[in-house]
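A.B. asks: Let's have the full structure, built from the sequences with the hints guiding it.
Protein chains: 2
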Amino acid sequence: MDMQTSFLDRLFESGLLIDTGVDGLYGRSGQFEDVITAFERLIDTFGGSDGAEAMRFPPGMNRALFEKSGYMKSFPQLAGTVHSFCGSELDHMSLLECMEVGEDWTKDQQATDIVLTPAACYPLYPTVAKRGNLPKTGGLFDLQSYCFRHEPSKDPARQQLFRMREYVCMGTEQHVTDFRQRWMDRGVEMMKQLGLDVTIDVANDPFFGRAGKMMVNNQRDQNLKFELLIPITSVAKPTACMSFNYHQDSFGLKWGLNLEDGRVAHTACVGFGLERIALALFHHHGLDVKEWPASVRKTLWG
Amino acid sequence: MDMQTSFLDRLFESGLLIDTGVDGLYGRSGQFEDVITAFERLIDTFGGSDGAEAMRFPPGMNRALFEKSGYMKSFPQLAGTVHSFCGSELDHMSLLECMEVGEDWTKDQQATDIVLTPAACYPLYPTVAKRGNLPKTGGLFDLQSYCFRHEPSKDPARQQLFRMREYVCMGTEQHVTDFRQRWMDRGVEMMKQLGLDVTIDVANDPFFGRAGKMMVNNQRDQNLKFELLIPITSVAKPTACMSFNYHQDSFGLKWGLNLEDGRVAHTACVGFGLERIALALFHHHGLDVKEWPASVRKTLWG
Chain A
1 MDMQTSFLDR LFESGLLIDT GVDGLYGRSG QFEDVITAFE RLIDTFGGSD GAEAMRFPPG
61 MNRALFEKSG YMKSFPQLAG TVHSFCGSEL DHMSLLECME VGEDWTKDQQ ATDIVLTPAA
121 CYPLYPTVAK RGNLPKTGGL FDLQSYCFRH EPSKDPARQQ LFRMREYVCM GTEQHVTDFR
181 QRWMDRGVEM MKQLGLDVTI DVANDPFFGR AGKMMVNNQR DQNLKFELLI PITSVAKPTA
241 CMSFNYHQDS FGLKWGLNLE DGRVAHTACV GFGLERIALA LFHHHGLDVK EWPASVRKTL
301 WG
Chain B
1 MDMQTSFLDR LFESGLLIDT GVDGLYGRSG QFEDVITAFE RLIDTFGGSD GAEAMRFPPG
61 MNRALFEKSG YMKSFPQLAG TVHSFCGSEL DHMSLLECME VGEDWTKDQQ ATDIVLTPAA
121 CYPLYPTVAK RGNLPKTGGL FDLQSYCFRH EPSKDPARQQ LFRMREYVCM GTEQHVTDFR
181 QRWMDRGVEM MKQLGLDVTI DVANDPFFGR AGKMMVNNQR DQNLKFELLI PITSVAKPTA
241 CMSFNYHQDS FGLKWGLNLE DGRVAHTACV GFGLERIALA LFHHHGLDVK EWPASVRKTL
301 WG
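Chains A and B are the protein sequences, given in the same order. Residues 1 to 302 in UniProt numbering are what the first sequence spells out, letter by letter. Residues 1 to 302 in UniProt numbering are what the second sequence spells out, letter by letter.
Identical chains share a label here; the pair holds if one copy fits it or two copies do between them.
The calculated DSSO-like cross-link candidates involving lysine-lysine, where the alpha carbons are at most 30 Å apart (straight line), are: (1) Lys-68 - Lys-130; (2) Lys-237 - Lys-290; (3) Lys-107 - Lys-254; (4) Lys-154 - Lys-68; (5) Lys-130 - Lys-154; (6) Lys-290 - Lys-154; (7) Lys-225 - Lys-73; (8) Lys-254 - Lys-68; (9) Lys-107 - Lys-68; (10) Lys-107 - Lys-73; (11) Lys-290 - Lys-130.
In short, the hints are calculated from the structure, not lab data. Here the structure is a predicted model, which is why all the values come from computation and not from measurement.
C.D. replies: Take a look at the structure:
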């Protein structure tokens, strides 16, 4: 925890991150953004020839589709629903009185049709399902969005609003597991070019409660999730900067994603935690980008 | 309304916008994003030599600072508060039962410390105030973020989650009103280079309720807000694609922004509605970017 707080303080002092008064909610400097932009170009270099279809969804998604996704079953503690004032002028006056005297003015806010996007690929599956059966070559999509997870923390690598870049592959089991393996190899190579030491390990999602333990075990036993780990504020507990997920046919079944011949599609996704990768770079090579190793600067800025 | 729906349908059919099932909440194609990226480069060309400090805030901001901003007084109907599940495993079970039977499961969600950012510059003022008095040259900042406004609509130019690029200037009255005038001139010139017909007119914010009428009149009488308007789905009611706002010393007083000599700073901001400008381009020059006039393509892609 001390290592995390001290790194966060150094990031604030350097101006790379901007304190907003809420743990895990930070502004970014132009320099921080330049690193993310450059790293996304590097992703394009590795993935560009695959012919993925780019889509960009906003940081909120359709609540009905979010409900159908089952997210509230597995990760209720992380979700963020968006609520609005829907009252009359009289209601507005009592709301303002509430604020005036420091009472809870949010209790009458009503849920809108929007929830914050929990992972960049959530809005994709129902979008692709509406198109009908996948083409013979399957589906490959390139996504990026701000995502929300309600987990306030002093660890700069655990932010409540952060960006995730993703590739999602749909097709046969062989097709999508090959895709996942290809990106594991690429991820290792990318980080090597950036001078970052990585390990890849089997992993699990943070399923809620005691019932979640069974899902954790199931996910690990079947090697459904791998993470690319880089030490940022702890060597003992390195930070997941990429994840590689094989969903079997569960998303195909849920959303009605079918192959050209009508069989249920398998899906896999690989995700980059963009802020985490930028933070890994700043932690390993220093807060002054001009002082980074020439090879790293060349990889990022040519 | 028919013109709006028919333009929206054409955008869906072409794939430029992606239907999510919620009015005003859309995905964007890679092509749509390319236009926004190119337009932002054009903004950089016009504003780059001014030496603005770039900051990028996430799509959510500190709720306490949002409360202090007075937004709920003026625009309660547009705000979005972020709520989360904070209960036990037992609470989780009843939440899931609620979902199961189709009852309202959102009523026990609790407000977090985060609200959705209503305009790109809201998180800026308290950030700058913490630095102490402004330097002699004043302050100039370059911002961009996704913003939320709860106003579901079939008009593609009125989205609930959209991006706003902003420059914010802090200094003396003369300094910030000069800044505002300079960007009005630049805005007209930029849109001329893009082959878009524009008008600039005095405007007002959508203040809530009958009490809001007074604020509307006050804002218009004092010429505090101008908009650059481009016809998109209606010639009679063209769409505001840029706005130019002079806040007098109201933000300086509220946030404690002071000049080098301790006097209260005046502030002004200019905002670009990035989706609206992209939509204006698609509406005027057609949905196929390859068919746009050569001069427009040259302005955007060199």
